[in-house]
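Trainee: For the record, the sequence lines run as chains A and B.
Those letters in the first sequence? Residues 1 to 241, per the UniProt record's numbering, in order.
Those letters in the second sequence? Residues 1 to 198, per the UniProt record's numbering, in order.
Quick caveat, the hints were computed from the structure, so don't treat them as lab data.
These figures come from a predicted structure and were not determined experimentally.
Positions of the beta carbon are idealized from the N, C-alpha and C atoms, including for glycine.
Fair warning: there could be bad hints in the mix.
[What the hints assert, rightly or not] If you only want the chain A side, here are some residues facing chain B, beta carbon under 8 Å, derived:
1) Pro46
2) Gln49
3) Pro50
4) Gly51
5) Ser76
6) Ala78
7) Met82
8) Ser165
[As the list claims (entries may be wrong)] In silico EDC-like links for lysine to aspartate or glutamate, alpha-carbon gap of 20 Å or less:
9) Lys102/B to Glu82/B
10) Lys43/A to Asp185/B
11) Lys102/B to Glu139/B
12) Lys43/A to Glu179/B
13) Lys43/A to Asp184/B
14) Lys196/B to Glu179/B
15) Lys102/B to Glu121/B
16) Lys102/B to Glu76/B
17) Lys102/B to Glu135/B
18) Lys43/A to Asp55/A
19) Lys43/A to Asp181/B
[Said to hold, decoys possible] Quick list of the computed label-pair ranges, beta carbon to beta carbon:
20) His14/A to Leu14/B: 19 to 25 Å
21) Gly193/A to Gly117/B: 33 to 39 Å
22) Ile44/A to Gly81/B: 48 to 54 Å
23) Phe211/A to Leu14/B: 52 to 58 Å
24) Asp179/A to Glu139/B: 55 to 61 Å
25) Thr80/B to His65/A: 50 to 56 Å
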Amino acid sequence: MDWRDQGILLAVRHHGETSVIIEVFTQEHGRHAGVVRGGTSRKIAPILQPGAQLDVTWRARLEDHIGSFAVEPLRSRAAAAMSGRIALAGLNSVTALLSFCLPEREPHPNLYHHSERLLDLLGQDEIWPLAYLRWELGLLEELGFGLDLSACAVTGATEDLAYVSPRTGRAVSSAAAGDWADRLLPLPPCLRGQGPAPDAEIAEALRTTGFFMENRLAPSLGNRPLPEARGRFVDLVSRPR
Amino acid sequence: MAGSTKDIDALIELMARLPGLGPRSARRAVLHLIRKRALLLTPLADLMTRVAATARECLNCGNIGTSDVCDICTDERRATGELCVVEDVADLWAMERSGVFKGRYHVLGGTLSALDGVGPEELRIPRLADRITTEAITEVILALNATIDGQTTAHYIADQLGGRVRLTSLAQGVPIGGELDYLDDGTISAAMRARKDL
Numbered sequence: 001m002d003w004r005d006q007g008i009l010l011a012v013r014h015h016g017e018t019s020v021i022i023e024v025f026t027q028e029h030g031r032h033a034g035v036v037r038g039g040t041s042r043k044i045a046p047i048l049q050p051g052a053q054l055d056v057t058w059r060a061r062l063e064d065h066i067g068s069f070a071v072e073p074l075r076s077r078a079a080a081a082m083s084g085r086i087a088l089a090g091l092n093s094v095t096a097l098l099s100f101c102l103p104e105r106e107p108h109p110n111l112y113h114h115s116e117r118l119l120d121l122l123g124q125d126e127i128w129p130l131a132y133l134r135w136e137l138g139l140l141e142e143l144g145f146g147l148d149l150s151a152c153a154v155t156g157a158t159e160d161l162a163y164v165s166p167r168t169g170r171a172v173s174s175a176a177a178g179d180w181a182d183r184l185l186p187l188p189p190c191l192r193g194q195g196p197a198p199d200a201e202i203a204e205a206l207r208t209t210g211f212f213m214e215n216r217l218a219p220s221l222g223n224r225p226l227p228e229a230r231g232r233f234v235d236l237v238s239r240p241r
Numbered sequence: 001m002a003g004s005t006k007d008i009d010a011l012i013e014l015m016a017r018l019p020g021l022g023p024r025s026a027r028r029a030v031l032h033l034i035r036k037r038a039l040l041l042t043p044l045a046d047l048m049t050r051v052a053a054t055a056r057e058c059l060n061c062g063n064i065g066t067s068d069v070c071d072i073c074t075d076e077r078r079a080t081g082e083l084c085v086v087e088d089v090a091d092l093w094a095m096e097r098s099g100v101f102k103g104r105y106h107v108l109g110g111t112l113s114a115l116d117g118v119g120p121e122e123l124r125i126p127r128l129a130d131r132i133t134t135e136a137i138t139e140v141i142l143a144l145n146a147t148i149d150g151q152t153t154a155h156y157i158a159d160q161l162g163g164r165v166r167l168t169s170l171a172q173g174v175p176i177g178g179e180l181d182y183l184d185d186g187t188i189s190a191a192m193r194a195r196k197d198l
């Protein structure tokens, strides 16, 4: 059996002397692994850098076999990623999170297109952190842990929303928070797609999405710790540029 | 007959585990060694015994040598204040073959890799920070691979050492003898960004 698809390269592992096992997030087949024979060769190794956009053909005798990939490069994002710290750390965070939380062989076309658009913006450091924040919200949504930030969970108000409930993931207004404010998570305007979104505010928003990744998403996947790459990216965004 | 070739079979099996060799090529190599017993096999066996007893990692830089501190680290002429950071010993040997660098090295022993569980603690980064002080280093050259993992590690080291010393990295672009037509778009973009005046 075989199929052909497009995908984003998430990870590469050596397999024997000359082959590698790659993990690709494909449009129609989700996160899928397979062997690339000769993947360590001088010709193919430069193509197989995380974040690369590939045209892949997967072949296996039976569907549950790991199978092998024939790969053709469509777009290399390595140069854009290596152009700066934010881009490099961001790419590492995206590929590590996709590899961490996507079930194997389950298509997520919306998330795929969102991820592809995000990675195509690599190198545009002024807009990338905000685009990344939107992507993380989309990732949570896609995996069933989306935040509802449209109205206050207590009063139904749509103005003055300043917090997120760590229990429900719903917005809470300043007035409704009252004495509970210190137990709630911050809701900076950029999390609702409002305001100029300075880096400090994006970092605060990423700590809120990080809470749900760590306390909702990760436990649903067997309680593994979140990839360190995400922490490094958030740390970088928190620092003044 | 089988008993009489047991050791030879075992040797073939061991040789076949070496990089670049399979069972067939290992058999050819062993046969060649036996035929050139005096010229190759005996000296090779002697040397292997000696290297097995003496080979060790340099306590200072991580290079492989036959003493606790390698020849490069003990050579005073190489105390130029420049330290070249490489991923592993093979990279150090490649730099030495080129003969272009006259300072000292620091071998990390890998790159940061979330997938393989390699964090900063697994690399020799704390030792690198120590050496900058104790060896009066003025420039650290990050000669790491132009891969995502290599450059992630370079940026991590730069963060750790930032401000203490001059940090540089190898240039990226068109290789000597390279034809543009055969280069991937990533290399061409990097080369274009790093263009220089003629």
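Trainee: Need the list of violated hint numbers for this structure, in ascending order.
Mentor: 8, 15, 22
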